[in-house]
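Residue numbers (my numbering), protein chains in the order written: chain Y, 1 to 432; chain W, 433 to 732.
Among the hints, a few may not be true.
Now the stretches of chain Y that chain W is said to cover, found in silico as 3 or more residues with beta-carbon under 8 Å [stated by the list, open to error]:
#1 97-106
#2 169-182
#3 208-218
#4 233-244
#5 268-279
#6 422-428
Cross-link-like lysine-lysine pairs, in silico, DSBU-like; alpha carbons within 30 Å at most [as the list claims (entries may be wrong)]:
#7 Y:K399 to Y:K185
#8 W:K441 to Y:K283
#9 W:K558 to W:K505
#10 Y:K399 to W:K441
#11 W:K606 to Y:K268
#12 W:K592 to Y:K350
#13 W:K592 to Y:K57
#14 Y:K386 to Y:K348
#15 W:K480 to Y:K268
#16 W:K728 to Y:K57
#17 Y:K46 to W:K505
#18 W:K480 to Y:K98
#19 Y:K98 to W:K441
#20 W:K728 to W:K606
Just so you know, these hints were derived from the structure itself, not from any lab.
Where is the CB? At the ideal position from N, CA and C, for every residue including glycine.
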Amino acid sequence: MNNNNNNTNHNLQQEYEDTELLRFTTAGSVDDGKSTLIGRLLYDSKSIFEDQYDAVKSASERRGETSVNLALLTDGLKSEREQGITIDVAYRYFSTPKRKFIIADTPGHIQYTRNMVTGASTANVALILIDARNGVVEQTRRHAIIASLLQIPHLLVCINKMDLMDYSESVYESIKESFEKFSSKLDVSDVNYIPISALNGDNVVTRSTNMDWYEGSTLMYYLENVHIASDHNFIDSRFPVQQVLRPYNDEFHDYRGYAGRVAGGVFKKGDEVMLLPSGFTTKIAKIDSFDGELDCAFPPQSVSILLEDDMDLGRGDMIVRPNNQPTVSQDVEVMLCWFDSNQPLRAKGKYIIQHTTNEARCLVKEIRYKLDINTLHRDQENPELKMNDIGRVVLRTTKPIFYDSYRKNRSTGSIILIDEGNNNTVAAGMII
Amino acid sequence: MDYHLNHLKELESESIFVLREVAAQFQNPVLLFSGGKDSILMVYLAVKAFYPARVPFTLLHIDTGHNFPETLKFRDDLVAKYNLNLKVGSVQAAIDEGKIVEERGVNASRNLLQTSVLLESLEEGKYDAALGGGRRDEEKARAKERFFSHRDEFGQWDPKNQRPELWNIFNGKKHMGEHFRVFPISNWTELDVWQYLAIENVPLPNLYFAHKRQVFMRDGVLLADSEYIEKKPNEEVVEQVVRCRTIGDMTCTGVWASEASTVEEIIEEVATTRMTERGGRTDDKRSETAMEDRKKQGYF
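This is chain Y alone, in the form it adopts within the complex:
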């Protein structure tokens, strides 16, 4: 049954037209107020449900806790609840009329660097929490360094627990200054600061009356309004082919659609394109979708591209523009985060490399240095990468891959490594 008519349908379409999706990541440990902050965002946007709240309340009581422990909302696994810590990435959802939010909530301790990296990989915004009593500490620096390595476009520094520091402007200013001093060494462009009290709700959703000296926006206002429309690369056209769609029926007899998600740039019908690795050029005959033909395709749209000429093109290949090509090479240099707890990265070791829809084998040619993610110090003496370590690594692939620097494009600039023996994902890399 369907109770829609075209009129209400049109109204709904209008209503949702401008709602954007914003993904942000948080990292932190039990006592820095992260769970309280997330709990407050969810609660104030009415995203905690009564039955969820009741379940958390009774679970807290069973544990003998005096107040409702909102961390139990995000710590979903039995082992996490038992140990009282977030181990894995938890995804939480809330929305306001303006935006839908996906929070990748990750633990903050150094032994969970890989989880932080995972949560950061898709984020538009990194929310960094600082306890106003402690100022910038090692964990703050680590989160900021990871956000910078993973090229999260926007950094939001929330200076929390202002209530415990008498809402003092000078405390806020000195923490801000020390973060600024440190972050000037990082590759981050857009940094904002908000003084808050997650516990009392100051500057979270509503403006604080306790900090008249602060003239910036609230956390919620920031999340609803930070400009994310330019977070994708709309310049360098990249279309990694996922598969070829061939209907084999009478209606679509010679149909050959290259299915994929636009990884960069804008593709238009009639554009001259180059196919990699063959290097042949042709033109776009049509950009197709279930909803009809499209004039253009841009990131992160999933579409099918039809070409004017019949060419050899399949999964792992890439459609680009002849005057704007990615690097085509078997030599790839990456900042690599190592995930495997069983063994370290092996120099001269061989792994499977996945890059966009492409796959090859690769050899670890050299580990140049290990990065201390608390101090940015480069250790060239003993550059072994163990679990949670990050370092600069040179790889040689069995066949050319088509890549950009991660700085230029997060899709065509990222890789994962897979262990050939147990098939586990053992590393993630950002191409330099």
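Model the placement of chain W on the given structure of chain Y, informed by the hints.
Only chain W this time, still in chain Y's reference frame:
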């Protein structure tokens, strides 16, 4: 020109990408179909992902034998409309053959029995990936799921040892006998699903809209009366206007007192409700970690 996707289009694009990755990375994927709105959405997204080619997945329905009759009719019409293949794994047949034993008593449910039938059906069909309509906002254990979720040769989930999943690179590598569960609509919320189904004019079973039904109250949950459920002496059946927020086995799916009879009214109800959609699922209420425990064994 403004190059911008709204949240529903972005979620759609992400799901289509994942569905295409499954088709490309696996030999013999199957789409788990329950008859609920999420699996209907999955079929619809699969049709979009491979248009104008046919959906390259077989549909697998694990049939508890305790369905709302409307569910089966809707399923068969959908299969016919999109020219799909349907396989049914029957819990009743497994009970009849003595492979599994039915629970007894008033709270008896075939929910747990589905797991072994599911695992056997996957093995029988040699399916190497099973697509499910699970969403991370549904339940706290599901909030930890990957898009590509690895299962060992016993079909078990090891939540503490999951593969990290970054950007949109999905690792579907596995050994013989292992398989994957894949959740393309992981990032959708209940409200997203309804908004999308409304905008796209996707037909849905009548069960989701307000209708009169014989119901009774148990542990604060309204259950539909049926021949499959044993009532306690004090449980009184009354007729009420209700609708389903989730559709599952009749013995454990609660119904909601609701007057919402159009998709727009449902969206409004979902947007303002203070109860989660699985709040009516007695299968989740067996313990604090009921979902995680079932998932470890191979449940959806």
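Verify the proposed pairing of K558 (chain W) with K505 (chain W), using a straight-line Cα cut of 30 Å. 27 Å, holds
Coverage of the segment 97-106 of chain Y by chain W (three or more Cβ within 8 Å): holds (count 3)
Would you say the segment 208-218 of chain Y counts as covered by chain W, given the rule of at least 3 residues with C-beta under 8 Å? Per the Cβ count (0), the hint is violated.
At a Cβ distance under 8 Å, does chain W reach at least three residues of the segment 233-244 of chain Y? Holds, because 3 residues of the segment 233-244 of chain Y bring their Cβ atoms closer than 8 Å to Cβ atoms of chain W.
Below or equal to 30 Å on CA atoms is what counts here, so check K441 (chain W) against K283 (chain Y). 27 Å, holds
Next pair to validate is K592 (chain W) with K350 (chain Y); report whether the Cα-Cα distance is within 30 Å. Holds - the C-alpha atoms of K350 (chain Y) and K592 (chain W) are around 26 Å apart, at most 30 Å.
Checking C-beta pairs, does the segment 422-428 of chain Y have three or more residues closer than 8 Å to chain W? As far as the segment 422-428 of chain Y goes, the hint holds, because 4 residues have Cβ atoms under 8 Å from chain W.
Taken at face value, is the distance from the CA of K441 (chain W) to the CA of K399 (chain Y) at most 30 Å? Violated: K399 (chain Y) and K441 (chain W) sit about 35 Å apart, past 30 Å.
Need the status of pair K606 (chain W), K268 (chain Y): alpha-carbon distance at most 30 Å? 38 Å, violated
Quickly compare the C-alpha distance for K480 (chain W) and K268 (chain Y) to 30 Å and report which way the hint goes. 21 Å, holds
Check the hint pairing K386 (chain Y) with K348 (chain Y) against an upper bound of 30 Å on the C-alpha distance. 15 Å, holds
Just to be careful, I want the Cα atoms of K399 (chain Y) and K185 (chain Y) compared with a cutoff of 30 Å; is the pair within it? 36 Å, violated
Hint check: violations occur at hints 2, 3, 5, 7, 10, 11 and 17; the rest are consistent with the structure.
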